[in-house]
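Q: Single-letter residue listing:
Number of protein chains: 2
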Amino acid sequence: MKKLPLSSEDRCIAQWTSALGHQPKSGIRHSLGHDCAVLSSFPRNLDLVLKTDAVVEGVHFTRSTPAPLIGRKALARGLSDLAAAGATPRAALITIGCPNPRSASRILQAYRGLSRLAKKFHLPIVGGETVRTRQLLLSISLLGTVPKKTSPSRSGAKPGDILFVTGKLGGSWPHHHLTFTPRLAEGQWLVRHKFPSAMLDLSDGLGADLPRLARASRIGFTIHPDQIPLSPRATPRHAFTQGEDYELLFSVPKKRLSALLLQWPFSTPLTPIGICLTPRQGYHTGGLPLRGYDHLR
Amino acid sequence: MKKLPLSSEDRCIAQWTSALGHQPKSGIRHSLGHDCAVLSSFPRNLDLVLKTDAVVEGVHFTRSTPAPLIGRKALARGLSDLAAAGATPRAALITIGCPNPRSASRILQAYRGLSRLAKKFHLPIVGGETVRTRQLLLSISLLGTVPKKTSPSRSGAKPGDILFVTGKLGGSWPHHHLTFTPRLAEGQWLVRHKFPSAMLDLSDGLGADLPRLARASRIGFTIHPDQIPLSPRATPRHAFTQGEDYELLFSVPKKRLSALLLQWPFSTPLTPIGICLTPRQGYHTGGLPLRGYDHLR
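Chains as they are written, first to last, in the working numbering: chain X, 321 to 617; chain Z, 321 to 617.
One or more hints might be untrue.
Same chains, same names: a pair is fine if it fits in one copy or spans any two.
Think about it this way: if two alpha-carbon atoms lie no more than 27 Å apart in a straight line, the pair counts; the simulated BS3-like pairs of lysine-lysine are [said to hold, decoys possible]: (1) K574 - K488; (2) K468 - K345; (3) K345 - K478; (4) K439 - K488; (5) K345 - K514; (6) K323 - K478; (7) K574 - K323; (8) K468 - K574; (9) K440 - K514; (10) K575 - K478; (11) K488 - K440.
Hints are computed from structural coordinates only; laboratory data are not their basis.
Bear in mind that the values here come from a model prediction, so they are computed numbers and not experimental data.
Please model the complete structure; the sequences and the hints are all you need to start from.
A: So this is what it looks like as structure tokens:
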């Protein structure tokens, strides 16, 4: 048989997906190269966790960002959200927005960076999609699992709960936003031991994400600016307004406080930064602004 | 308590998601407004089906396309892929690429169109994501289910199998590509009755999608151009090269042919257009070009 012609789209996709190399296959019936990915169902004692996230040139990275770090970041952001849900990642889909045929090699590099992080978490890339866009864009959709009824929401914090963050905040640019490790192990551990009454990941800065937790939970809060754990050269204002820290922010009932501090098994810093109040008690930040990074501003 | 400030991003998202109105809630633990959507797991006799798909201004619609039809199309394209997998859609995530604050009302309209189609299929929108992009962009991720081990791949067609298409092909622009109905019921019926040896949906035209099926299945084929069911004013060449028909293309073992034709319960046309051959017998299209729409050309 003469070879059937490959479109340049098919050719690129074949090249990109081969950059993923050897992937986990357990529980996967159909994967790359089918209309849809098909997976075996998970046991009923698990809940399914779904998340989608995108990075765009000029917003989340620049033209000079090394492409492997773009791919890495695209995946790591979504994984950070799964961490906040206490979830284990199980499968990922990639959407590529490709500005022109010359971008193909940059995308290949991005796949390599993404693939390295996926392998670290034993995460198969099971499908994807390519579209022509004016800017380079990578969008990742994730499926994860979490023990039934354990995934914390943003809405469970109660007055009196202590507010914690993992890691150090601020100064994410120019490096940390490309190289951070999503706090998956920490999130899974916290949820397995039922510590968080509410949890989210810090993607837009304390000044934007803390109000989201407070609104959802209908609480007030006091933050102690001098207790915020800071990256080198960062200020509490950076921690509030800059975003892209990808650390966990969560509330813990006061009676679980000593258990949490005694049992925390990670080298990742764990810091109490404030306390939840009643709505009537208001919100207090020592003068730090309650606004963070705003994608539509 | 003074009201916590809402970023313009949070304000837009609240407005857009309210356009979704009353949504199905069964099996959904966390939905919009959380880091991740959390769903109850499905029974083990079902497989999970995952798909992501995007539409972009200037590629899949124009600046003058009515916004509700953009939202409708964004969702319908992904549903068409689920149809090819024989799947029932269970949950959707939406990613919005928003060029500027003025786009917000256009996106609101798009959500309304998308929501109408979602309601028709009892499909909850469980999460989303907003990013700043230069072009308006909607990306949809879908989770579906299909009875265990029944979802057809592209790779199961055998020499001697008959090639079928649903509906009529060609002439998708200027209207059909915005208003088509994904062949979910047809795909689910075909898979439940185990007719297709291979199946995919026609998104890039017979000239691109048929070679994909043939390559995956390692078959040759003969197509009878005068048997291709055509839309008004379309030619077989349109059917091969234009794309965006969103009909099903599938192969059926010859011994199941009469059962399929006798039992087909839909008013949707069902047409045999050719036959699968051995690779050595090659591929024959009566001169029609084996190329379709190419996103990277």
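Q: A separate judgement is required for each hint: does it hold in the structure or not?
A: Each hint, compared with the structure:
1. Proximity of K574 and K488 under a CA criterion of 27 Å is satisfied intra-copy only: 22 Å inside one chain copy versus 65 Å between copies.
2. In the homo-oligomer, the alpha carbons of K468 and K345 lie at most 27 Å apart both inside one protomer (24 Å) and across protomers (17 Å), since each shortest distance falls under that limit.
3. In this assembly of identical chains, K345 and K478 lie within 27 Å of each other by CA distance solely across copies; the values are 25 Å between and 42 Å within a copy.
4. Taking the shortest Cα distances, K439 and K488 sit within 27 Å of each other inside one copy (26 Å), while across copies they are farther apart (44 Å).
5. In this assembly of identical chains, K345 and K514 lie within 27 Å of each other by CA distance solely across copies; the values are 25 Å between and 31 Å within a copy.
6. Proximity of K323 to K478 under the C-alpha cut-off of 27 Å is restricted to the inter-copy arrangement: shortest distance 18 Å between copies versus 65 Å within a copy.
7. In this assembly of identical chains, K574 and K323 lie within 27 Å of each other by CA distance solely across copies; the values are 26 Å between and 68 Å within a copy.
8. In this assembly of identical chains, K468 and K574 lie within 27 Å of each other by CA distance solely inside one copy; the values are 24 Å within and 46 Å between copies.
9. Only within a single protomer do K440 and K514 lie at most 27 Å apart by alpha-carbon distance; the minimum there is 26 Å, versus 38 Å between protomers.
10. For a Cα distance limit of 27 Å, the shortest separation of K575 from K478 inside one copy, 12 Å, qualifies, whereas the shortest one across copies, 65 Å, does not.
11. In this homomeric assembly, K488 and K440 come within 27 Å of each other (Cα to Cα) only inside a single copy, at 23 Å, whereas the closest approach across copies is 47 Å.
Checked against the numbered hints given earlier, this structure breaks none of them.
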